[in-house]
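Respectively, the protein sequence lines represent chains E and G. Position 386 of the first sequence, counted from 1, bears residue number 386 in this note's numbering, the numbering being contiguous throughout. In this note's numbering, each number is its position in the second sequence, counted from 1, plus 10000.
Source of the hints: derived by calculation from the structure; they are not laboratory data. Heads up, some of the hints might be wrong.
To be verified - Here are the computed lysine-lysine pairs in the PhoX-like style, where the Cα-Cα straight-line distance is at most 25 Å:
| no. | chain 1 | residue 1 | chain 2 | residue 2 |
| --- | --- | --- | --- | --- |
| 1 | G | K10246 | G | K10171 |
| 2 | E | K803 | E | K700 |
| 3 | G | K10209 | G | K10270 |
| 4 | G | K10434 | E | K845 |
| 5 | G | K10205 | E | K349 |
| 6 | E | K845 | G | K10427 |
| 7 | G | K10291 | G | K10317 |
| 8 | E | K459 | E | K355 |
| 9 | G | K10434 | E | K825 |
| 10 | G | K10257 | E | K974 |
| 11 | E | K825 | G | K10432 |
| 12 | G | K10257 | E | K961 |
| 13 | E | K459 | E | K974 |
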Amino acid sequence: MKKTILFILFWSISSVIFSQEYFPKNDGVHQKNNNYTAFTNAKIYVTPTEFVENGTLLIQQHKIVAVGKNVKIPVNSIVVDLKGKYVYPSFIDMFTDFGMEKLQPQRNAFSSPQYDSKKDGYYWNDHIKTEYNAVESFKYDTKKAEEYLQSGFGVVGSHMHDGIARGTGLLVALNNFEPNNIRLLASKNTQHFGFSRSANSNQAYPFSLMGMMALLRQFHHDANWYKNGNATSKDISIEALLANQHLIQIFDAGDKFNSLRAAKIAKEFNLNYLIKGGGNEFESIKEIKNTNASFIIPVNFPDAFDVSDPFLANQLEFKDLKFWNQAPFNLKILSDNNINFALTTDGLKSIKSFKTNVSKAILAGFDKVKALEALTTVPANLLGKSNEIGSLKPGYYANFVITSDEIFEEKSIIYENWVQGKKYVVNNFDIQDIRGSYQLNLNNELYTLKLDGDLTKPKAEVLKDSVKINSSATYLNDWLTILLTNNDKSTYTRLTGLVSSSDLLSGDAVLANGIKVSWSAKKVEDFKEKVTQKTEVSSPVMFPVSYPNTAFGNASSLKSETVIIKNATVWTNEESGIVTNTDVLIKNGKIAQIGKNINDATARIIDGSGKHLTPGIIDEHSHIATSFGINEGGHNSSAEVSIQDIINSEDINIYRNLAGGVTISQILHGSSNPIGGQSAILKLKWGLSPDELLYPNQPKFIKFALGENVKQSNFRSSNPTRFPQSRMGVEQVYNDYFQRAKEYDLAWKKYNSLSPKDKAKTKTPRYDVELKTIAEILNKERFITCHSYVQSEIAMMMNIAEKFDFSVRIFTHILEGYKVADYMKSHGAGASSFSDWWAYKYEVKDAIPHNGAILHNQGVVVAFNSDDAEMSRRLNQEAAKAVKYGGVSEEEALKFVTLNPAKLLKIDDKVGSIKVGKDADLVLWNEHPLSIYAKPLKTMIEGIVYYDIERDEQLRISQDKERNELINLMLQEKNKGNNTQAPQRRQQVLYHCDTMEEYFDVNHNH
Amino acid sequence: MKAYKYITTIILLFLVTTSSFSQQKPGLKQSKSVLILNATAHIGNGKVIENSAIGFKDGKLTLVADARVIRLAANAFDTVINAQGKHVYPGFISPNSTLGLVEIDAVNASDDMVEIGNLNPHIRSIIAYNAESQVVESIRPNGILIAQITPRGGRISGTSSIVQLDAWTWKDALIKEDDGIHINWPRTFSRGGFRSENRNLEPNKDYSKQLEELNSFFDNAKTYLKDKQSEKNVVFDAMNGLFDGKKTLYVHADEEKALIDAIHFYKNQKVTKLVIVGGYDAYKITDLLVKNNVSVLLKRVHELPVLANHDVDLPYKAAKLLTDKGVLVGLENSGDMERMNTRNLPFYAGTTAAYGLSKEQALSLITLNTAKILGIDTFCGSLEEGKDATLFISEGDALDMRTNLLTAAFIQGRKVSLETHQTELFKRFSEKYKNQ
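This is chain E alone, in the form it adopts within the complex (with noise of 0.2 Å):
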């Protein structure tokens, strides 16, 4: 820093108020300190930035007077004189529960769930708690905060960490030695968002995470609603969100895709959340950068682990391992690509690790100066405090570490800690150091006596004639103390003494025998500092990023191309059927001609000769890609909830669904509920975004389920609180939502027809996603897929469909639907079914795998799913079933589970068949499609091969040599003595229709 900041030295003493000064005071006489602490001569980071030289640093009470290099100093100040010392504001940690209670989760797994709210007067969800108080709570922890200050924190935000909604968040001082009133920086200055549920409640709703995203949005609807005056009665946790909608919106996201989840919801309803990352930002950084949002990163990177055991290393997940060497280069990915972002100790075992975390992304190439940034000045711009605390001027508080070296060296030693002008040691700095080799002269006798080690917490060593005799040493407040024992253990001499000077030791002893002797030790050599094998600490070298950064991810992006495909058997699933010996040109992504010795000049050939050419499998029936709990239970209807909202694109089962020669997933909602959720429809482009994966404006649909799940029959609950618990409720349920959803359209298109006067008189209906999600049934917008078995109950739902004027478009299982066949084929409804299961519940008993022939012969159209991860990447041989089981065609069976699922998602205009004008969305076989032989080559989505058989074989080998080095490294660290972690095996959750997960907590998941 070139110019020096001039202070204001008429720095108004009355200007400095205490909130105690208005306090009675019986315990003594009232008095105050008006003198000042001068710190001279160090080198002071003002801001990371900018810093002074020899400067001073000149403090009253608890805030910054005058900063700079000719300062004048006070008669009445105090001086210390920190040549060679360094000084910087203390740090911030905007995301702590400091002084917070800790919950103790209620839940019991024994008990009946609890499906409504238990507070009166609040929202109806016990999740949402807008009208918690962080402040009312809570605790200073003096002992927390020591821990904070040694790690050269000054000021932390805080609050609950539980709940979706959680309420408010203070701002407070770590100052240890005055009370809260001067500590609180802030009581409300944060309102905290995150994906949990709160510990104090049972309540079931949301047990996922799609289910807390439509909580989140229902809520924000409700409360404009509210604010506007709509509402007749009172709700407190609604009042709450609107008064502290004017603080920071802190979102606790904790993971990329949950920050990307978070980033949608802020967007949707014009809010500005400030999101808690996960560290694994750098993964998706594209999308972490659009999101244009603050971030507060945490730096928990995971130790190295122990590897030493090939049995239990062989477990670990290759991503495991990748993500361990990766993960401290998040922060320079994330700097570099100029996202604003403040750090955060969140997730640390010990706060102590904190420091040595942040070197480690330095070292990894993180910018110093913006580390210094992260810790100051952003959060307190973040905190809209920046003139206040984060950087040392005139008027700021007096918040101030001052440490041996640049603050981020290895040995860089933080002294002390000041916050609000109050000194909180850390390692004393008149420290002397004791270090180094003496001659002992204990009792008339040589000794030789070695200090080492840490200048605060020195080892001895003491020889006679070169035999150790074991001892052990304290250093404090300049006194040592030195224990020697003899080696059988029975007799011990004491030796301590204050020291004075460094160059000769001396002091009392007092031997085994109780007599006291004095003793002196003379240096005869000064301490050096070990020179290890690392005098260069080489910089990491960081394993490449893949697209997913999984185990089998690309290594860049891939790149649609021009290909003709010569020579193959194509089934085009159109009248020509299955033609021999063709050409079929692939441009732009799209089926461009498809004839005999095709040319074109700019195409890359690949030879189809012998090999079977087919449209991409479609799988209307998929949980697969999908984070965090495919049902939400919670209530017997979530038509408000929505698959969209958790695809995660890193599941290997979409790689394996490729290779599979599966190209499009419906990504279905479970079957806890009658009405359940909204699917997704996915094109498996590996490597991409959740979002990129979508299919481009699909047709919207919704998963409705029946029979034993809905009601709970395998649930063994002796006292069944959720309706229905019959098929006959289940009935009960559509006839009510189908005629709420009907009610609420048409109060919407009433008002909606009104004038903009009559708008101005008329009271808003209430804007509720749930039926406006029905209503879009109704209304021929959205289309159901409806899990069933039974004949009674498909019948009874066509029946209600009908009532209420549509119809059902997909019943997916349908196992009984060959006995409806002919209801089914008047209803217009299509039938996507499993080839051969059966007898795994009591309502599949009469399944038969002959379903698809009946139905498909009365004129149903017939798909074949999966349902099933496993499963998905065999569709082929399913579709071979109906064939051996009922006679099917073979051009018709293979329409089972290309075309015919196509039809029945409505996107049939653009994939299913090959057909010029169609999405080059493609398998080649090496064998007849239908054959247990058969196996794709080539997975081509869009034209891009996102599956390539000779690929994979490349892939297996990179991957198997990056192993065997991540490996080597982590054994390196060991040998360092670095923390290791005992190896872990992860266990995929595979997701079937009535799997029921519960959400915990993502942090420990990246």
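With chain E's structure known, arrange chain G on it following the hints.
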């Protein structure tokens, strides 16, 4: 159904008698000799006879030959089935099966698969085997005619027995009683505490303890068996046979370390025969398996790899990896919906052929290899003279669902119904629409 065109009157008669809507009746004891002519015979041992003559009398195969080189008297067999263009196979064998122990998964009352307790060698599957199960009959039409009925659960889940799938009672069904004892080997990884936030598995801290428990149990059982005491211990008694070749020890394990430990255990405990069931990692220790004569009943082929970074096709090609190194391999299919999925066993074998094995090698995985592993190869598992006439005729390659279409099946020479609860429903509702 042109498939029936060549078939003799016996079969037609049989069809007539079984058209009612109920459990199929078991076939009658073979009274007339049968000759199947001109089919492609897949022997089960790797060999194929293109134009075969397969004859059987009184339940036993009396002729397995090339039809072009043998001479037969016109009346040598009572019934001749011309199977030109068709294929004949030995009946497929499903080991480590729970057929007949559960009827409907979600109906608790129909479930007899697991007993409480941890060390249960005395628990015998056979007496709970429901010979009249509708699931069992639905398996036969795809060629599976023999199964090893195995209990589940616990460290030692119990004792299995081997049955043929066409019987009135479990007693009729038996072809080998109490053939082996099954251990679920301790796992090297286990789940953290109840409701642990960590969904991942952690190294199993109790692994050594669990191993010690097994060793101690075996030591005690052996000591007891040395000197049969007047006061009986039914649990130790059940261990009889493991050390003298009468019973096989089946160890259900997947992880490499567990597999190695199991082999050491078997050597140290002087068990006479060890079979690994599952064996996901077995391909990593093929030398050890071969050296110790340990065979593998490989877990379901149609499964996902355990880890994301495992080869996408690892479960498909594992049989090839083991077979190439000389390990004797059979296929089992325990797992989700294992009973009803048993009918897909031929296609699991087909998949191993798509991923490296020859079709005849793949066939052995569900016929002769399994018979050898179960110790029943002296009388079944292949089409060889003197063995049981347990076989079937298929329109085409029975390992491929495209062509697996049975026209006739025989168990010990008895003609087996290929009708099922499901074909009855198929007919019933096909008729409904035909008459509309």
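Mind listing which of the numbered hints don't hold for this structure, in increasing order?
none
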